[in-house]
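J.: Chains as they are written, first to last, in the numbering used here: chain E, 1 to 167; chain D, 1 to 458; chain V, 1 to 417.
Some clues are possibly wrong.
Unchecked claim - As a list, the in silico DSS-like pairs of lysine-lysine whose alpha-carbon atoms are at most 25 Å apart:
hint : chain 1 : residue 1 : chain 2 : residue 2
1    : E       : Lys116    : E       : Lys148
2    : E       : Lys116    : E       : Lys87
3    : V       : Lys192    : D       : Lys36
4    : E       : Lys109    : E       : Lys87
5    : V       : Lys234    : V       : Lys192
6    : V       : Lys192    : V       : Lys233
7    : V       : Lys192    : D       : Lys6
8    : E       : Lys3      : E       : Lys87
9    : D       : Lys6      : V       : Lys233
10   : D       : Lys6      : V       : Lys234
As the list claims (entries may be wrong) - Listed below are several chain D residues computed to face chain V (Cβ distance under 7 Å; list not exhaustive):
hint : residue
11   : Leu11
12   : Ile15
13   : Phe19
14   : Met22
15   : Cys23
16   : Leu24
17   : Ile37
18   : Arg45
19   : Asn46
20   : Val127
Hints were generated in silico from the structure; no laboratory data involved.
Beta carbons are placed, not taken as given, at the ideal position from N, Cα and C, and that holds for glycine.
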Amino acid sequence: MDKLLQIIEKIFYTNLIGEINLYMVFANVFKYLFVIIVLYFVYTITRMIYLDIGQLRGTGFRRGPYLQLITRRETLRFHVQNIYPLKNDNIIGRGRSADVQISSPFLSKEHAHIFKEGGIYYLEDLHSANGTYLNGEPVGEPVILYPKDIVSLVDVEFIFMSGEGDG
Amino acid sequence: MKNNPKRILVLLYAITAIFLAMCLYLVYFQLFTAPKIIGNPYNRRNYVDETLIRRGNFYDMYGRALTHTIDDAGHLLDNPRSYAHIIGYNSEEYGKSGMERTYNSTLLGLSQDDLFGKFKDIVQGQVGNDIYLTVDDDLQLYCYDLLEGHKGAIVVLDPSTGAIRAMVSRPSFNANEINALWEEIIEDEDAPLLNRASQGLYTPGSVMKVITAVAIMESDIDQNYHDTGEQTIDGYTYFNYLEAVHGDIDLQDALVHSVNTYFTKKSTEVGYALLREVADRFYFNSAIPFELVTSISEAYTKPDMSENEIAAAGFGQGDTLVTPLNMALAIGAIGNDGVMMRPNILQEIRSPRGVATFTSVPQMLSRVTSPSLAARLTVDLVETVNTGGAATLSGVHVAGKTGSAENISGYSHAWFVGFAPAERPELALAIVLEEEGQTGAAAAAPLARRIFQYMLSE
Amino acid sequence: MDRFIQSPMKQRLISARWMTLLFQLLSLSLVLIYQRETLTPRSLGFSGLLIVLTLLSQFLVNLFHQADSYLLMIANMLFSIGVILIYRLSSYYGYRQLIFYTLGIALFFVAYFLLEGTAGFWVKKICFYFFGAAALLVLTLLFGFVSGGAKNWIEIGGFSFQPSEIAKVPFCFLIAGFYSNRERVRKRKGGKYFLMAMTYILIALFFLQRELGTAMVFMAILFSAQVAFEEDKKLIFLNVALAVIGMVAAYYLFGHIRTRVDIWIDPWVDMDGRGYQITQSLFGIAAGGFFGTGLGLGHPQYIPLAYSDFIFSAIAEEMGTFMGIAVIMLYLILVYRGMKISLAQPHAFYKVLALCISISFAAQALIMIGGVLKLIPLTGITLPFMAHGGSSLVTSFVLLGILFYCSNAALEVPREE
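Just chain E, same shape as in the assembly (with noise of 0.2 Å):
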């Protein structure tokens, strides 16, 4: 390591015009950069906040369709996320293929559906064990799903949200 030591004092700290060592040099220069680098930063940060802004105004990041939980996650027992962004085509259910795979025992493999139909959404029950609702109402035939309709599998609950403006 002396050598190394040695090596580099050679390099930086000899001196090259008057007192100026090559270590001064990249000092100042340096000194520059890191100010332009933290105030990049912190530029960076403000204007990612200032979109943020414009989107926290309203319920979230999403675009498009999503589930939102309702229940409290304390009571469960399970995994469950806050948002299940929807396509056009869901299967809700305990299984690994579904799309919105919630792993409650209550729930059976393919549990409901949501679909859409012609711009329209639409909920289904798949002849689950326990049973699909919606807005309290027992679901066996497609119905029609309506921005902030609550949709409850046994101990899960999730408010149905279209994800346009305050929806």
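Starting from the structure of chain E, add chains D and V where the hints point.
T.: Then chains D and V, alone, in the frame of chain E:
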């Protein structure tokens, strides 16, 4: 709980405002405050540059060198003890004192409000400015030797300009060896670091009678007095030195024989108001503007002084405290037609190339009394010296006053203040021998005589 | 799950992350050379660990899609600036700071998962927090040893930590619990004074330990929480009044407070003694100019405690006033972010919690920077994420982790208040 987002937003805006204000303050600080504090001698960053800068040197009024450069950077005092209080020490660990401190930036050639200039200077190798003092090197060394074996101070100045010709304080210390001797110096009970000449506060004793005399003359009281050797005021009795009795005397007699009883009685007749006003004119109770640190003398400080306190103050006892510098200025003012000049020890600043970038100009500080009263008092003071005999000098009229100040140590301070030649004074001085135990006439006046002789006789 | 973050935003997120890395690389290359005498495999390990931990933590944090990854990014940048200066001053303190950082990052995630896993539990336990905080403080009174003139450290098995720092965590929970359980509190007699009473007791304990800075931070948190959430406006005024009376009384009662105020008003009269710290700090800041002297070219070592209490001054000296402004801005966006989280969080408990944590960062930064600039008296507070100090750093990261959790739960619709 109230869920009002507006309130949170208010908090947010407030916090944002404070943060932004701090940013602005940082900028302000860098632009305006920073340049002012950078040159502060406590800023050790300046020291680093010092090894690259050739520090300016000190010279006396005749251009004789008082310090010499070492190692192409710093300097050492030629007479480190004699000038220890004027030039002072310069230490990386303990800071600076005296002129080294007051004029640090000048000596380093530091341009205070130009950081880029500073950097450029370092690269190019800076040389500092030289400082020319008003001091006369011969006189300074002479006075320093005169004080050997005593504690105290001597201040010699030119009363017509206020220029300090010599300023000595003992005990002193070796300013060149400050680092090695610091502990010792700090622990020395006699406080060698103290510049007794400008900062030492002493009971003046009889030398204060000069100022009281001015007040007596300016008032319209009867200046005659019948002395019985004692004077009682409010139950307290004052005596003269050696309990002498002088009979019928006037002001001049009182000064010549230093009659305590006279001054106690007349002070109470003059009254606090005038006494205080006259004292203030002599720059007691005020900070004297000076390049070195000064203490403020105290005379007639309390408006509600009792008769006895006034009486005691009248002959320089009581709570009165003065600095030797103040007394030198005071007596000099009498010699200078009643005008006290601003003291200064810096004569000139010269750039490394020898160009004078600053030359001091004499400034009037205060008018202590009218020229005619000053002239009258001068006559009295010449008579005082002649009668006393200790400070007389053949061929030169010396005006002055001795004093022996009682103080708590039990050993009186020996004082002498005076100027010469009386007609057109070239020098005014104040000498105090601390806790000398002898009278001013016995101990201090002879020193004054020697100084006058050294400087004024060919 | 799809990534629902917009592309341009994502790109900005990436480029911001690289800024920290770039800063680290450049500054490390300088300090390693500067500290060439202590150049050992250890110092290379130090550098590597710093870079790796930063990148790793930011990568992990990005996996939590709904949560606010900016928080950790800002903290990492702040930390990097700080640790570089600390290492420049002393490789020993640099190493220690990095170890604390490792612990901090770990606890950041632990805090998050702990909260997630036990979400409902915290909401109800008010008394728990109070006694937790009080217990910590009493412990210091009993076992404390004098360090830097304030009895606020506890030593256990060779490691010293500051309970007053850690007490911030239960305190924030205390306030959150109080304001989210309004009805329960209101039912009890005098319930609404409960929070203020508890806070004042805590502050009194701080005063006894001469921890003025922390007392001020706690007061700031209480005051802000009141402004944001207190229904009864009278209580806010009461708090302000008590605070003012308290401060005036403290000034007259405590000599050491008078000393600090005296030094603040004019430190120049006693530059050898009491005024030494603040004047040296000002010299350092003045010496830096706008862009600094350059890393390793200034003299921050002349500033006492440059690695902890006066880290900001050291940064201002070597990296300049503009960097100082950048640091202030970093704290600003951190606090801004935190308060936005509070705004967006519908669940009462976490809303209050987020606010308290944000305020705690804001207060610490403001009081600390204000102190070294001589805008307010010095208080011995540390700058979160930057100053050397295990308790401070770890507590800051724990609080950040909690805040992080609050941002993740941002879209829960509350069932009850």
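J.: A separate judgement is required for each hint: does it hold in the structure or not?
T.: Checked hints:
Of the supplied pair hints, the one linking Lys116/E and Lys148/E holds, its CA atoms being roughly 16 Å apart against a limit of 25 Å. At roughly 8 Å between alpha-carbon atoms, Lys116/E and Lys87/E fall within 25 Å of each other, so this suggested pair holds. Distance restraint check for Lys192/V and Lys36/D: the Cα-Cα separation of roughly 52 Å exceeds the 25 Å cut-off, and the hinted pair is therefore not satisfied. Restraint check: the Cα-Cα separation between Lys109/E and Lys87/E comes to about 19 Å, which is no more than 25 Å; the hinted pair holds.
Only pairs whose Cα atoms come within 25 Å are accepted, and Lys234/V paired with Lys192/V is accepted, the gap being roughly 11 Å. Between Lys192/V and Lys233/V the alpha-carbon distance is near 12 Å, which keeps this suggested pair within the 25 Å criterion. At most 25 Å may separate the alpha-carbon atoms for a hinted pair to count; Lys192/V and Lys6/D meet this at roughly 22 Å. Taking the CA atoms of Lys3/E and Lys87/E, the gap is about 65 Å. The hint is violated against a cut of 25 Å.
Under the criterion of a C-alpha separation no larger than 25 Å, the hint pairing Lys6/D with Lys233/V is consistent with the structure, at around 15 Å. Between Lys6/D and Lys234/V the CA atoms are separated by roughly 19 Å; this keeps the pair inside 25 Å, and the hint holds. Satisfaction of the interface hint for Leu11/D is found here, the shortest Cβ-Cβ separation to chain V being roughly 5 Å, below the 7 Å cut-off. For the restraint placing Ile15/D at the interface with chain V, the shortest Cβ-Cβ distance is roughly 5 Å, inside the 7 Å limit, so the hint holds.
For Phe19/D, the interface hint holds, the least distance from its beta-carbon to any beta-carbon of chain V being 4 Å, beneath 7 Å. Hint status for Met22/D: holds, given a least beta-carbon distance of 6 Å to chain V, under 7 Å. Satisfaction of the interface hint for Cys23/D is found here, the shortest Cβ-Cβ separation to chain V being roughly 5 Å, below the 7 Å cut-off. Using the Cβ-Cβ criterion of 7 Å, the hint placing Leu24/D at the interface with chain V is not satisfied: the shortest such distance is roughly 9 Å.
Below 7 Å, beta-carbon pairs count as interface contacts, and Ile37/D has one with chain V at about 6 Å; its hint therefore holds. Hint on Arg45/D holds. Least Cβ distance to chain V is approximately 5 Å, under the 7 Å limit. Of the supplied interface hints, the one on Asn46/D is violated, with its beta-carbon coming no nearer than about 9 Å to a beta-carbon of chain V, more than 7 Å. For Val127/D, the interface hint is violated, since its Cβ never comes within 7 Å of a Cβ in chain V; the closest pair sits about 22 Å apart.
Checked against the numbered hints above, the structure breaks hints 3, 8, 16, 19 and 20 and satisfies the rest.
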